[in-house]
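With the hints as a guide, bring the two chains together.
Quick mapping for you: the protein sequence lines, in order, are chains P and H.
Each residue of the first sequence is one higher than the one before, starting from 129 at the first, in our numbering.
Each residue of the second sequence is one higher than the one before, starting from 433 at the first, in our numbering.
Treat the hints as calculated values from the structure; they're not laboratory data.
Be a bit skeptical, because a hint or two may be false.
Stated by the list, open to error - Facing chain H, from chain P, some residues (calculated, C-beta under 10 Å): (1) Val143; (2) Arg144; (3) Phe244; (4) Ala247.
Even for Gly, the Cβ is constructed at its ideal location relative to N, Cα and C.
If you want the building blocks of each chain, they are given just below.
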Amino acid sequence: MATVEVTFTPLPAHVRTARLVATAVARRSGVDEALLDEVRLAVGEACSRAVEAHRRHCPAEPVKIEMTDQGERFVVVVSDQAPTSNAAVGGAATGPNGHGVASLVQGTDDAIPAGFGLAVISGLADEVHVSSTSSGVSVRMSWPSATPVG
Amino acid sequence: MNAAGDHAIGSASEPPRLVRDDEMTPCMALEDFVDLKLGHYNKDGIEVVDVEGEIDVYTAPRLRELLIDLVNKNNYQLVVNMEKVEFLDSTGLGVLVGGLKRVRAHDGSLDLVCTQERILKIFRITGLTKVFGIHETVDGAIEAKKLEK
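So that you can see chain H by itself, here it is in the shape it has in the complex (with noise of 0.2 Å):
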């Protein structure tokens, strides 16, 4: 486990990876294992998020801070990368429309990218389909809110 609380498969030859609950034995579940990787850049103005490994009860401030320091160096125009979340569950939920309202209330939007079933699953479940912007890649979300503005 490094200093940042994340967790890896790999050496120093071999990069660390995800691993999805299914493919670990009882050994790597509770050290071995990236839980949530974080990264971001600006393209065309747009803050891009990108998001890998999951996000629940434990993770999802770690999300949460992120978003919320976005928004304060004046981020409004947000475009979350589900595309390598292997778990989301309603504390991650309440992270997004968090987002979410942060951005609105500054005239911004945030979509997310998400093309997994399993993820977009319970969107559809708790009806915020209706509330974000969802793409199939993170240029046709930039190419959106550039349409948008």
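Bound-form chain P, shown alone (with noise of 0.2 Å):
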């Protein structure tokens, strides 16, 4: 079992380095390049999620990702130490469409459903599993990985 992990400042700018080490390593841990865009897509739903979270309530405090080859799985846990409530996690368990389509495009802000991004996380990785705890949220994320490369 092979691990990356990685820490960063909870920054806008830094979530696009965060899916781009992860597409590596997912590639690296033979991913099926058709999965990838969505290994990145995930990834940086998951990241986001924690960065906005982190810049409301810590932001000192750095995200972390944990990126694992488990052999037949590869394994994305993104973890924040925010705390967060119930709505901000709902998403995951409804589905994207569970907002109602109709709602977001209601009112006047450009304000997407808390839980939304984890909605999209639920549509795109294989596995999804999202923990809240008081001390923040860990959104693992899985798929099928082949043998890896060298």
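Shown next, in the form of structure tokens:
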């Protein structure tokens, strides 16, 4: 089992770096090329959510990503240390359309519902598990992987 | 990096070009790329917004500012050309939805041009294919808007 761990200051500019690293490690772990876009987008969503949460609650604390090649699965865990509410993680349970598309385009602000990013992840990752505690949220995503290259 | 915050690969004799994540080498990753390029022009009374690069939590505010600026200048018929968008996340979707809300408040519309499966997928996952008119070409989008009038 090989693990790559990255921590980064919760700045939006670093989210791109995080998804770049995740995509590279996924490729190295043998994730099918056709799935790499999903890995990139899902990890980006998870990191964006974590960065926003940290910027509100604990901007000095880093966001953590763990990427593990477990043989037949490539597992990514994005963890934050921000206290959260059930509403912030509720989207993953309801699915992307659980928010109601009609409600998305009502009102006048740009804000998308809390949990929307997690809902997108649930539509992308092969397996998703979101655990929320008083000390933060952990998003665990995985995809099938083949024999690693080299 | 230029004054506008854009990153580019190229030299005086070679124009900048976009680089996808999977083309990048480690030394390119943080410095030498165009993250988002925006442009717009008017055609037949419809404002076309060209977007190139990646729309994410870092770059989306710039697209939001452009859309707000266009609406504030009384442009309520918008087409966003996403054919050169390499990456779009839910933050970018939020900005597009926000633009749609603003033009609808003035009886306008915001349509998209996109044929890339990687981008269309996130619209399908979120159900937003039912909200946006999505066309294969800018001319097709403009013609469709003319028929709506």
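- Sort out which numbered hints this structure fails and list those numbers smallest first. none
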